[in-house]
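*Asks:* The whole structure should be built from the sequences, with the hints applied where relevant.
Going by the working numbering, the sequence shown opens with residue 1, and the numbers climb by one from there.
The set of hints was computed from the structure by calculation and includes no laboratory data. Wrong hints could be hidden among the right ones.
[To be verified] Derived Cβ-Cβ restraints for the label pairs, each shown as a range: (1) 106 with 447: 48 to 56 Å; (2) 274 with 224: 25 to 33 Å; (3) 77 with 499: 50 to 58 Å; (4) 492 with 515: 26 to 34 Å; (5) 218 with 112: 24 to 32 Å.
As the structure is a prediction and not an experimental result, all values here were calculated from the model. Glycine included, each C-beta is placed from N, C-alpha and C at the ideal position.
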Amino acid sequence: MFILGINAYHADSSAAIFKDGVLIAATEEERFRRIKHWAGFPSQAIEFCLKEAGVSLHEVDHIAIGRDPYAKLGRKIAYLLKNPGGGFNAVKDRLSNAKKVATLEAEFKALDPSIDEKIFKSKIHHVEHHRSHLASAFFASPFNESAILSIDGSGDFTTTMTATGKDNRITVLDSVDFPHSAGLFYTAFTQLLGFPHYGDEYKVMGLAPYGEPKHVEALKDVLLFDSNGLFRLNLKYFRSGKSGIISYGEDHIPVVAPLYSEYMISKFGQPRKKDEPLTQYHKDLGASVQRITELLIFHVLESLQKKTGLKNICIAGGVAQNSVANGKLTRNTAFENIYIPSAGHDAGISMGAALYVYNQILRQPRQAPVYSAYTGSRFSNEEIETYLRSRNIAYRRYPESELYDIVADKLIHAGVVGWFNGRAEFGPRALGARSIIADPRRADAKDLLNSKIKRRESFRPFAPSILKEYVGEYFDVTDEVPFMEKVFPIKKEKQAMLPAVTHVDGTGRLQSVDKLVSPRYYQLIETFRQKTGVPVLLNTSFNENEPIVNSPEHALECFLRTDMDMLVLENCVVTR
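*Replies:* Now the structure itself:
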C-alpha cells in the first residue's frame, strides 16, 4: 500500500511517501525551488517521492492532504460574524487558500494527464492541520502510549491541540482556537524586535541568552494562562485581522503582516528598524519573550500530564521547534520521555497526514519508530564526477580508507568544510548530510563562519554534533537528540574546550550522532576524535541565506561564492 502525503498552499510545502506504513521519502519543495518556506503546490517534491518509491500516481492507493477546509467551519463563521471587517480578510484569506486545497485534482492532473479525476478524487483524504502534526509525532515515535501536543501559529483555525495516543489511535482532548496563539504571540514580538520575515523566530531564541528576562511580569498581561491548562491572548496587544495574518502572493512566498498593535508599541516600545542596533532593552525583551513561552509550554504540559497520568510526550508544530524550551521539559514537567520529529514544523504535515490515514483511518498497525531524517535527495559518486567534469572543476575521489583522515586533517588545520553526504535531511536542521563543519575548539570559528560564509547575525549560535556515546561526558543532561531538537547545558569544565559551539549562556543545541543511523558522519567525527580527543564537530546548515543545498550543483555554487576551504561530495573532494 502506497500513501502519498502532502502539505500544499501552506508555508514549507512538502511531500512524503510511505509503503506499507514505512517511510520511503520525504522532502520540502523549497529544496528544489530554492525559495525559503515556499508555499505552493509541491509538484517537484511529489515527483521526487514517486521516483524514490518507484511508482506512478496511478499506483498510489491513498493521498493524504494535511488540511481540512471544513474543520471548525462553524467557529470560523462565528468569528466572522463577531468581527465584521476586523476579522473578515483574515478568514477570507484562509477560505480562499482552503478552496485551492479542496480542488487539488487539477494540480495532480497536470503532473499526470492520464489520471481519471473521479477515481483519483476517491483516493484523497483531508486531514486537519493539527491532527497531522499529532500523527507526525506520535505514530513516528517509539511509544505505544503517550500524551501529545501540537502547538503553532495557526492551522485550520486551531493553534494548539492536546491528545493521547495509544497503539494506532489518537484521541483529541482539547484545543485552542485562532486568534489565541502561542506562535502568533512569539511572532508579534519577533517583529517588534526587528525581525520581520516569516520564520525569523529562531533569531529571538538565539538572541535571548544575551539578555535578562526582566519583562516577564509585563508579558503576563499579554499571554494569559488559564486554570484549565490552556491560554488566551490579551487581544489589545495585537492588530486586528483586517488585512489578514499570512498572505501568499503569486510567488508563493509567505508574508506575515505586522501583528502588534499600537497598544503593544505603547507598552513595549517602537519596532526596531532594520539597521538599528540591538540595545540591551531588545536583548532583555527577547529573553523575556523566550522565558514566558517556556513557562507557557510547561503550563500546558503539566496540565496534560496530570490529566493523562502518562510519562511519555510527543510534540509537534512550529513552537515545537523551540529547542531551548524542549531541552528543559524533563526538568520542568513530570514527563520523562520526549519524542519530537525531525520536521516538527509545517513541512512535517505531509508525513503526519500520511501516517494519520495509514494508522488512524485505515487502522493499520504502526511500523518501526522514525529515528532517521535522511529521506531526501541522494547522488552517486559517478553522478557527482560527471557533474564536476562538466563544470571543469578539479577534484580527487578518495577511497573510504583515506577520506576521513583527509577531511579531519583539514578541519584540524583551521579548514571550513562543506560536507555533502548520503540522503538529504527532512526538516530545518542539517544533520550531517548537508552540513558545513568546522573544528569546535577554535575560538574564531564562529566569527569566521558568520562573516565569510553564513553572513548572518553574530549573536546566533552554531551547533555541536557529538558522538552518541559521549553526550553524558560533555552535557549536563544525558539524552538522545537525533534531530538537534533540544538545547542542553554544556558541562562547565568542557565549555572552554568547545568555544565555537558553546553559546553565551553555556548551552549547546546538540545532535547526538548514532553510528547505525549516520555511519559516515559518525566515522568522520570518530576520526576527528582519534586525532584530537574531542568527539564533537561544529555543524551548521550547508547554505548561505537560501534553503539548504539539495544537489551537487547547489553545493558547488555555495562553495564557490563563499570562503569554504574544502568541498566533500560523497568521496569527491574539491579544495581551493
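*Asks:* Hints first: check each against the structure and report whether it holds.
*Replies:* Do the hints match the structure? See the list:
1. For the hinted restraint 48 to 56 Å between residue 106 and residue 447, the CB-CB distance of approximately 51 Å keeps it satisfied.
2. Judged by the Cβ atoms, the range 25 to 33 Å given for residue 274 and residue 224 holds: they are separated by roughly 32 Å.
3. Between residue 77 and residue 499 the beta carbon distance is about 56 Å. The supplied range of 50 to 58 Å therefore holds.
4. A hinted range of 26 to 34 Å for the beta carbons of residue 492 and residue 515 is consistent with their spacing of about 28 Å.
5. For the pair residue 218 and residue 112, the beta carbons lie near 56 Å from each other, so the given range of 24 to 32 Å is not met.
Against the hints set out earlier in the document, a violation occurs for number 5 only.
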